[in-house]
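Novice: Sequence:
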Amino acid sequence: MSSGTTAESIQLLDPVPGQYTAVVLDYGTGLLSDWQGGVTFAAPPRPLPGIREAWTLTCETSDGRVLGTRRVVVDRGRSIDVGRVCGRGADRAKMS
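Residue numbers for the sequence shown, in numbering that gives the first Met the number 0: 0 to 95.
All the given hints hold, so there is nothing to weed out.
Label pairs and their computed distance ranges (CB to CB):
#: 1; residue 1: GLU59; residue 2: ASP13; range: 28 to 36 Å
#: 2; residue 1: GLY37; residue 2: ARG83; range: 47 to 55 Å
#: 3; residue 1: ARG64; residue 2: GLY36; range: 52 to 60 Å
#: 4; residue 1: GLY76; residue 2: GLY17; range: 23 to 31 Å
#: 5; residue 1: ALA41; residue 2: VAL81; range: 30 to 38 Å
Hints in this document: simulated from the structure, not taken from any laboratory. Glycine included, every Cβ here is placed at the ideal spot set by N, Cα and C.
Please construct the entire structure, taking both the sequences and the accompanying hints into account.
Specialist: Take a look at the structure:
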């Protein structure tokens, strides 16, 4: 339960376009009451420039046999084409 000086917030991640309604209930009394507040809209934060992430991508079968491995370095927030890491035999192998 919050007092009159406690700020509360909610964030919707990647909301679909549309109309939204905020209903505020005073939990202290259990009644709808007047309130002061605001709604803000903001774009998601941009990725920090210059941060690179290094990953090891491994493709293996359900029994643990490694079909391919590739080291990947990519700028944060970006994507790259790593090609066919699993090789031609992966099309026939059951992937986990």
